[in-house]
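K.L.:
According to mature numbering (1 follows the signal peptide of the UniProt record, and there is no 0), the sequence shown holds residues -23 to -1, 1 to 342 in order.
Because the hints were derived from the structure by calculation, they are not lab data.
Computed from a prediction, not measured in an experiment: that's the story for all the values here.
Mixed in with the good hints there might be a few duds.
To be verified - If you anchor each label on the Cβ, the simulated ranges turn out as follows: (1) Thr271 x Arg135: 17 to 25 Å; (2) Ile127 x Arg221: 52 to 60 Å; (3) Arg305 x Ser212: 18 to 26 Å; (4) Glu129 x Leu276: 26 to 34 Å; (5) Ala52 x Val15: 17 to 25 Å; (6) Ser212 x Arg147: 41 to 49 Å; (7) Arg76 x Gly237: 57 to 65 Å; (8) Leu75 x Ala239: 53 to 61 Å.
Note that beta-carbon positions come from the ideal geometry of N, C-alpha and C, so glycine has one too.
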Amino acid sequence: MAAMAGIWALGFTALLLLAPASAAHSGSEWAILTVAGVSFAGAVLTSRRPPPSARFLPAVLTGLLAAAAVTGNAAYEATEWRTLFSLLAVAVGVVAPLRAAPWLVTATAVLSATVVLVRGGSFDAALWGAALTTTLAGITAYGFRRMGQIIEELARTREQLAAAAVSAERLRFSRDLHDLLGHTLSMVVVKAEAVRRLAPRDVAAAVRHAEDIEAIGRQALTEVREAVTGYRDASLAYELDTARAALAAAGIDCEVRESGPALPREADVLLSWVVREGVTNVVRHSGARRCVITLRRDLDPVLVEVSDDGAAAETGGEVEEENGSGLRGLRERLAAAGGRLRATRLPRGFVLAAEIPRLGGDEGP
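Please build the complete structure, drawing on both the sequences and the hints.
P.N.:
This is the structure we're talking about:
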């Protein structure tokens, strides 16, 4: 980038100094042109990253270029010297702060027209020959500079969006993996305990539970693969059937109360996660004897509630934050869809309730 800026600066210097150089004859004229060329190239090259010890160097070099432009046009009558103001306007458009650059370019154009009028030039020459060309040169340089800055900002934004997408995907994967494996492993543990209890006295029942463990393991493998690829769509009907089986294996009576028509797909998927997490917590932590799953699809927002009669809590009331990641992940899922999650400890039991709007338009099964 610095090399390209250097080539651009030197090329532009040579182009705009070509006209006054063709009219220069004396040593003083060549000295002015040399000062102008060196000042312009130095100002452009140091404007992007000026040395820490000389941060005002680009402005100083631009001021030196302005002095050379005014001196050349005041001392010599040849119209070719007016291109020095165009060179100055380009330097101002590149060096000046972005907010001030258009105003300083305009001031440079006014300065060029004033010098032409003071030297006895016509109004048309001052307006069209000096002010207009100076303004166009400066605004063009400012426009390219602004465009370059916007391109850099877009590149940085793209990198930030890519990093945010990676973080979001990691969060999705960790949340899905927790919800999937937490529920599945709880069922495996319950089934394994049943096998251990039944093996000495009822081999056939123990074999059935062992077959259930194998089936659960295969289903878990499928779900984990789908979670990794991002294509898993949970089903509320499937989760309710799984919940009944898991609670029955744990020796917990299950009652499912449903009302209302089928839900749109997105709402169906969200509520399936709520049922999965709620039943997992009942099986793993509650020590309950009875669990009630209530699904009100005839309401808006739709309500799903998982309640149990587990061990009494030391304190009642709504739980706003949990140390585990399960409820936290559910809160994030529901909040993203405009829903709300309530986890409440009762004197005897625990209630997990979720409310979400009837999302989408396509109804699920």
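K.L.:
Which numbered hints does this structure break?
P.N.:
1, 4, 6
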